[in-house]
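Asker: Listed here are the chains, written in short residue letters.
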Amino acid sequence: MEPGFEDALGLWETGELSRDELARRFPDEDVVGVLDAFARMGVAAAEPTPDAGAAWEAVRVKLPARLADRRRGRGKAIRLLAAATIAVLVLGASAYAVVPGARKAMNDAAGLIAGDDDHSPGSTSPTESTEDGADGSTFESSDDDAAAANPDEGVATEDEAQADADEHEADDDGNAGSNSGTNDDAIEVDSGSGTDGGSFGDGSGSEEEAGESADGGSPGSGAEESG
Amino acid sequence: MDVHISKETMEERELVGMARKGDQDAFGKLFLAHHGAIFRLARATLGDGADDVASETFVRAWTALPKYQDTGAPFVAWLYGIARHVVVDELRRRSRTEPHAAVDMERVDHTHEDRLTLAAALDGLPDEQRQVLELKFFVGLTNDEVGAALGKTPGAVNAQQWRALQALRKMIA
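Residue numbers (this note's numbering), protein chains in the order written: chain A, 228 to 454; chain B, 986 to 1158.
Extracted from the complex, chain A is given alone in its bound form (with noise of 0.2 angstroms):
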């Protein structure tokens, strides 16, 4: 195409430019070609188009409501939220019914709730405090407290944990065996402290972690404490 083609095209298009100048101009290109090709997209595009009013009337009958929408919208906000929840609890209910330390952190949550005074940090004695403190080094010692406490075994396995539990409770002298490295006092207030915290591979917190967790009792102190 001849430099300045185009823009002279445009000019006879806007009638700036008769179809004979342009033809002179311009005579290696196929002006008569174009043009022709441009006045058969005309004819296309100005063919009749039915009534759109009737057209409207068909179509307005198909037209989705919008209400309908923002309830479908909503409604699917909800299912979500639905999922969410039962997953929530089937997870849940999983791991209370499979990890030990689960069952037991869910029945100390459960006391806590109900306002169970045995189970608030800080208001018991400082041996209460430090089975307290055991119970909270559950939720709060880090993996790194469970290998600083028992480096030879570094984080207990579940059946680890397990084997562990059934230990405590055969010997209540407070012998935490493998999984401890909380004192014994906690062992022998509450012996499953320790077990419940191996379940998590957690370990138990040592005693002076114990304390502080039954003072401060935010969880993840513990581990921050411990470093």
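Hints are computed from structural coordinates only; laboratory data are not their basis. Quantities reported herein were computed from a predicted structural model and do not represent experimental measurements. Accuracy of the hints is not assured; some may be wrong.
What the hints assert, rightly or not - A short, non-exhaustive set of chain A residues, derived as facing chain B with CB atoms under 10 angstroms:
no., residue
1, D234
2, L236
3, G237
4, R246
5, E248
6, E256
7, D257
8, F265
9, G269
10, A272
11, E274
12, T276
13, P277
14, G280
15, A322
16, V325
Said to hold, decoys possible - Derived pair list, reagent style DSBU-like, types lysine-lysine, alpha-carbon separation capped at 35 angstroms:
no., chain 1, residue 1, chain 2, residue 2
17, B, K1052, B, K1137
18, B, K1014, B, K1052
19, A, K289, B, K1006
20, B, K1014, A, K289
21, B, K1155, A, K303
22, B, K1155, B, K1014
23, B, K1137, B, K1155
24, B, K1155, A, K289
25, A, K303, B, K1006
26, B, K1006, B, K1155
27, A, K303, B, K1052
Think of the CB as a built atom: it goes at the ideal place given N, C-alpha and C, for glycine as much as any other residue.
Fit chain B to the supplied structure of chain A, relying on the hints for placement.
Answerer: Below, chain B alone, put in the same frame as chain A:
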């Protein structure tokens, strides 16, 4: 019945705003204003069945209106985008259900044959060139409006149009 609304006037913007909020009467006015453009596009690309394609385009537009964003391009350019999708869907459906060999060409009238020839030629153009021709001739936009719709300058639209027409000429000659 074609109701003319000067493109991108305040009135049309108001109608679009009302339709977005669920006003069917406002949407009806937009329908009356632009049905012809969408019908012409459908007829030029499909031959027959343009009625159904135009209707489906407006039903989808109604559903999608809450997401519509005014980019400065004419509202009908947005409708055109929806219509192209509906046309493509229809072409796919036809390719599955209507083998070309089954079409009895003797029963196809001359006008319809011309339409099919033109439709095939348009379909053979590069997308940008085809869009320029469709928006200019069937939808009825100016070079400035086509430029706004496609993100091009009016000069670029003019160049694309004439290149497209030259290519079209070669295909239908």
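Asker: Failing hints, ascending?
Answerer: Result: hints 4, 5, 15, 16, 21, 22, 24, 26 break, sorted rising.
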